[in-house]
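Peer 1: Residue-level listing of the chains:
2 protein chains.
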Amino acid sequence: MPYELYYWPSIQGRGEFVRLALEEAGANYVDVARTPKGMAAMMRMMDSAEHPPFAPPFLKDGDLIIGQVAVILLHLGQHHNIAPKSEAGRLWTHQIQLTIADLVTEAHDTHHPLGPNLYYEDQKQEAARRATDFRKDRIPKFLDWFETILARNPSGDRHLVGASVTYADLSLFQVVEGLSYAFPRAMKRALKDAPRVATLHDAVAKRPRIKAYLESDRRIPFNEEGIFRHYPEFDG
Amino acid sequence: MPYELYYWPSIQGRGEFVRLALEEAGANYVDVARTPKGMAAMMRMMDSAEHPPFAPPFLKDGDLIIGQVAVILLHLGQHHNIAPKSEAGRLWTHQIQLTIADLVTEAHDTHHPLGPNLYYEDQKQEAARRATDFRKDRIPKFLDWFETILARNPSGDRHLVGASVTYADLSLFQVVEGLSYAFPRAMKRALKDAPRVATLHDAVAKRPRIKAYLESDRRIPFNEEGIFRHYPEFDG
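If you read the sequences in order, they're chains A and B.
Here the first sequence is numbered in this note's numbering, starting from 1041 and rising by one per residue.
Here the second sequence is numbered in this note's numbering, starting from 1041 and rising by one per residue.
Derived by calculation from the structure, the hints in this document are not laboratory data.
The list treats identical chains as one, so a pair stands whether inside a single copy or across any two.
Listed below are the simulated DSBU-like cross-link pairs for lysine-lysine, each with C-alpha atoms no more than 30 Å apart in a straight line:
# : residue 1 : residue 2
1 : Lys-1181  : Lys-1077
2 : Lys-1100  : Lys-1181
3 : Lys-1181  : Lys-1164
4 : Lys-1176  : Lys-1164
5 : Lys-1181  : Lys-1251
6 : Lys-1100  : Lys-1125
7 : Lys-1246  : Lys-1125
8 : Lys-1251  : Lys-1228
9 : Lys-1232  : Lys-1181
All chains should be modelled from the sequences, with the hints used to inform the complete structure.
Peer 2: This is the structure we're talking about:
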């Protein structure tokens, strides 16, 4: 039975971290909300499931319905070859994933500093202030952490954990891709100080299954409805 | 060997979710940064560990150093009687915990909408706008979700998962406690529409180990340096 992924059909958003993991795993899955009547099915499930997710994305695996990106990846990592087998390795990979999730939330907050209910247009000025701080201070701080843990990986600096790809590597690729879309000039500068992160990003993009995915129409282009939005006035 | 918890010594903050789990488990632990030279030890560990946490809190369990509250709780749940044993139950508990973490981040953002680097005093006006939205829309939305999953728990509505206490129950207690400190009037109203959440909160406070902890000086009082801050002008 294929996995069923439920997520907003017109953005990469948080669902993209799950899509990348499913693609790298070569897993059989349906991106339900992109099929006819899929959106209705998604809303129904959120209403009536015994374990209703607070928000998309969520994954249906047989009888299990799993929400929260990091939990979905923890689960996929148990069943596919995209996470370490050891307890210590699993916890470390998950810890990195949750730190990536924090960065994603901060990236989202650059265009919604006053909260998710106001339109971007109604909080533009505040967004400009938050984006400046994010670009100047937070992006370098996070990239420096990723660079440090890559450098300290005893199995080599080509992966965040161990000697092969994990879902954390895929997620770091996606964050670098998204931030480079949103803040192209700032990221170009920031990546010069994080060469291992840049190398990892490029290596993930070339993995055969990821490359095929990125070139397919399953990959939704970035746009200004998603998490990573390109507002040229915020870049610097 | 006792667990070593590393967290800022003068606030409940995110560390409190870990402290409550350790207390309920009856685990032997040292709150390192509250001991002499503890802060220096914490900073050293963040600098030099092979797996450096991005930020406190983190837990040292023998050779393991684990950051991110939800990962620490996942680990403690494996080794103490505060999480279900089944895979499905473990994932669901973890999913609830990550949703609580999202609520905690939003609570923090009410006083720091423009980012963590500006002082609250420099973003007071923006904070007032964000707090209004949080109080009117986000608190009820999250409480409604907790109420729903309590009502749908096939083992009864006294716990979020299964028929006994989990770290998710302890964390929900802490969030209700914190929000009631920060927004006493708004929470009093909101809890009327979430009676199961209110009952769970009160039941956790009466658990013998939690009660003893809350009455001890190990429990740091809420204050305006932590996540949950009482600014009377934000309540309504």
